[in-house]
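J.: Each chain, letter by letter, is given below.
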Amino acid sequence: MINSISDLYGRQLSELDVPQKLLASSAVHQRKAVVVGRSITCSRCGSTLERRQAALPNGHYYCYVCIQMKRMDTRSQLVFADEPNQFSKPEHALSWKGQLTPMQAECAKQIVRIFKNHQRHLLWAVTGAGKTEMLFEGLNWAISQGYRIGIASPRIDVVIELFPRIQAAFKTTSMVLLHGKSDQPYRYSQLTICTTHQLLRFYHAFDVLIIDEVDVFPFSGNPMLHFGVQNAIKPTGAMLYLTATPDEQLLMQIKRGKLSVSYLPIRYHSHLLPEPTIIKVRKLEQLIAKEMLSKPILKTIRSLVRQKQRFLLFVPHIKDLAAVSAAIGHDNLQARYDTVYSADPTRLEKVSAMRHNQLDFLITTTILERGVTFPGIDVLVLKADNEIFSAAALVQIAGRVGRNSSRPFGKVLFYCERKSATIRTCQRQINQMNQRAKKL
Amino acid sequence: MKNCLLCQASIREQIGLDDLFSLRAAKPTIICQACASAFSRLSATPVCQLCGRKLTAAMTDPCYDCQRWEKQAAFSFSNRGLYDYNAAMKTYMSRYKFLGDYRLRWVFMTEMKVAVTRTKRLVVPIPVTEATMAIRGFNQVVGLIDNCRFVNALTPVAATKESNQSAKSRADRLLLDQPFKLVSGMEATVKDAKIVIVDDVYTTGTTIRHAARLLYQAGATSVTGITLAR
Ligand SMILES: [Zn+2]
Ligand SMILES: [Zn+2]
Ligand SMILES: [Zn+2]
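Residue numbers (the numbering used here), protein chains in the order written: chain Y, 3 to 442; chain D, 9 to 238.
Just chain Y, same shape as in the assembly:
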C-alpha cells in the first residue's frame, strides 16, 4: 500500500492505488494511462492498441498488452512524482574485498567512465567472465553521487541470484528486490534489482540502469519491455547492457553508432571457452519418440556416470524429458537423475538438489541455459539442430562448462542429425571470442 510520497518518487502507478491525500499534493502529477487519438496508445507500456481488441462495452478502451501489471484503461490515471534522489552519499559504500583480474579491472574502470559520461553501452563479456564483480566499482561511484540505480534482467532466476551478491557487497546501501513472485513490499531505495517487467512501474527514476542478459526472452523482441526501459531511466541516465550473446537488434544499434561496445573475450580464470564437439547421430528424433537413445549417447552417459562426472543433458521440448528419462531408465543405469522445465512446480528444489551434489545429472529444457552455475559440469545437447536452440542458446549452454578455475575445461557435446546453420553460428561465435582472447 502507498503511504508516503516517497513511494511515488520515480514511479508510475494507478491512481486507484494512491490515497486521496497524496493525490492532492502539488508534488504528485497525473497523466492519462490510455489515450485515444488518431490511434489508441498506452502511456505505461507504449503499445499502440487495436480498437476492436481494446474496446470495452462501456465505451472505454483498455490496454491488453501490459494488463498483467493491473489493467489500465481510458479512465485510469498514471500517478507519479519526480525523482528527488533523497539518498546519502557515502564516500565508500563497497564492502567487497575481493580481487579483480587485470582484464576485469580494466572493464570495471570503463564502466565507471560510462556512468560518468551518461553513455549507452554494451559490455559483451563471455560466459563466466565475472560480470557482477566488474560492476562493483561503477556501482560504488554511482552510490557516492547519490544516484538512483536499477539492475534489471528478463529472467527471474537471474535477479534472485544477483540480489544477495549485490547486498553482500554494499551492506549499508538501501536496496529492494522486485519480481512477480516476490512478496517483499516496495520500498524507496537507492538500488532496485528487478525483472524487466517491473520497470513498467517506474518513470524517469534511474540515473544508472543496467540490463543483464539483455538478449533473452521475454525482453528480446518485446517492444513493451524496451519501452519500459526507456521510460524507467532518466532522460540523462546512463545505460549499460550486459550479455555474452547480443541479438541482431543490439548489433544493429552498435552499427548505427547508437550504442558503444566493449569486449571481454576471456574468462576470469584466463582459460579459453570450451568449444563444442559435434556428433552426428541418425534418427535421434524417432528413437527418442520410442523412448530410446543411440548407442554412442548411452555409452557416453554411462561412462560419465562411472567417472562421477556430473552433467546437464539438454533436450529441445518438454515432451522429450519423459522420453529421454525413460530411455535412460530402460538402460538400467545406476544413477541419480531428474528432469526439469520452466513451469515445473519443483524446479527450484531440483536445481538445488543438483547444486548440492544430490544428483548425478539433470535432464533439462533451455531453462537452465543461463543464470545458474554448477561447478565442474559437462553438457550434452540432444537434437542440437532443433530450431528451439538458437545460436545464443547454444553459446550459453556451452558456457555452462569450465567456469570454475579448478576445472576450467570440460566436454560440450552436440548430438544432431546434421550440422545446422545455427550450430555453425554458435561455433563461429565461440571461436571468434577465443581468437580475441588469444591476442590479449
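Incorrect hints may appear among the rest.
[Claimed, not checked] With a straight-line Cα cutoff of 16 Å, these simulated EDC-like cross-link-like pairs (lysine to aspartate or glutamate) come out:
{"#": "1", "chain 1": "Y", "residue 1": "34", "chain 2": "Y", "residue 2": "17"}
{"#": "2", "chain 1": "Y", "residue 1": "34", "chain 2": "Y", "residue 2": "85"}
{"#": "3", "chain 1": "D", "residue 1": "10", "chain 2": "Y", "residue 2": "52"}
{"#": "4", "chain 1": "D", "residue 1": "105", "chain 2": "Y", "residue 2": "84"}
{"#": "5", "chain 1": "D", "residue 1": "62", "chain 2": "D", "residue 2": "73"}
{"#": "6", "chain 1": "Y", "residue 1": "282", "chain 2": "Y", "residue 2": "419"}
{"#": "7", "chain 1": "Y", "residue 1": "72", "chain 2": "D", "residue 2": "109"}
{"#": "8", "chain 1": "D", "residue 1": "62", "chain 2": "D", "residue 2": "92"}
{"#": "9", "chain 1": "Y", "residue 1": "301", "chain 2": "Y", "residue 2": "333"}
By construction, these hints were calculated from the structure, which means they are not laboratory data.
Here the structure of chain Y is known, so what remains is to put chain D with the ligands in place on it, guided by the hints.
T.: Just chain D with the ligands, lined up with the frame of chain Y:
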C-alpha cells in the same frame, strides 16, 4: 501466423482431419493446442444430473450437495457445466474477470453459443453489481454470450445490511437473501417462458438457484442453467 490469446505463443493455422471432412468451416484458432488441452470438457465424463459436476467413483448421482438442495427447494432445477473448474479454468477466470481482460471472452464464445442456442430457451444472464460494472467495465457473463440473443431480465438488489446471519438456518438464508429482482417491464417476457440462466461458474449453486427461484416466482414454467465452468 497469429498468437495464442492465452500464452502468446505463435499458432500456425491448425486444420485437423475432422475439419477437412466436416461441413463446418475450420475453427478459428484463438488459443494454441497446449493451452486448449489444459481445459477439461465435462461432456466426456460422467456428471451429476442436477448440477453438472464431474463425478468421481465415490460420488452418487445426484451428488450429495444436490440431494440437499432437492430437500429444501420447492422447484426443479438442473445445470449443465461445459468445463471442469480445474486449475487452467481458474487461471482463465482470474485473468478474464479479475484482471479484466475482456478479449478472453472470445476463447469460449462459440462453444457457449452452441450450448445456449441448443436449449431453445429464453436466455437470461446473471447480472453483476453496479460497483463491479464500474470497475470492470463489463459483465463477464454477457461477454461470453455476446453473440447470442438474450434478455437482461435480472438486476441486483442494492446491498442491504446483513442482519444477524448466524441466527438464521441455511434454508432461511436462502429464502431471505434474494440478491436479484426482476427488471421492471420484464414480467410479461418471463411469464410462461422456458428459461436458461447463464453464469460463468457454478460453485455452491446458491447464486444461480436464487435466480431460478425468482424466475419461477415470476411465472416461468421451466428454468435450467448453463455455466462455462462447474
Ligand atoms: Zn499498456
Ligand atoms: Zn497458448
Ligand atoms: Zn450435483
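J.: Decide, hint by hint, whether the structure agrees.
T.: To see whether the hints hold, each was checked on the structure:
Simply put, residue 34 (chain Y) and residue 17 (chain Y) have alpha-carbon atoms about 10 Å apart, close enough for the 16 Å limit, and the pair holds. With a C-alpha separation of about 20 Å, the suggested pair residue 34 (chain Y) and residue 85 (chain Y) falls outside the 16 Å cut-off, and the hint is violated. Our distance criterion of 16 Å between C-alpha atoms is met by residue 10 (chain D) and residue 52 (chain Y), whose separation comes to about 14 Å. A hinted pair counts as satisfied when its Cα atoms are at most 16 Å apart, and residue 105 (chain D) with residue 84 (chain Y) does not qualify at roughly 34 Å.
For a cut-off of 16 Å, the pair hint linking residue 62 (chain D) to residue 73 (chain D) stands: about 13 Å separates their Cα positions. At roughly 5 Å between alpha-carbon atoms, residue 282 (chain Y) and residue 419 (chain Y) fall within 16 Å of each other, so this suggested pair holds. This hinted pair checks out: residue 72 (chain Y) and residue 109 (chain D) have alpha carbons roughly 10 Å apart, not beyond 16 Å. Between the alpha carbons of residue 62 (chain D) and residue 92 (chain D) the distance comes to roughly 7 Å, so the proposed pair stays at or under 16 Å and holds.
Under the criterion of a C-alpha separation no larger than 16 Å, the hint pairing residue 301 (chain Y) with residue 333 (chain Y) is consistent with the structure, at around 10 Å.
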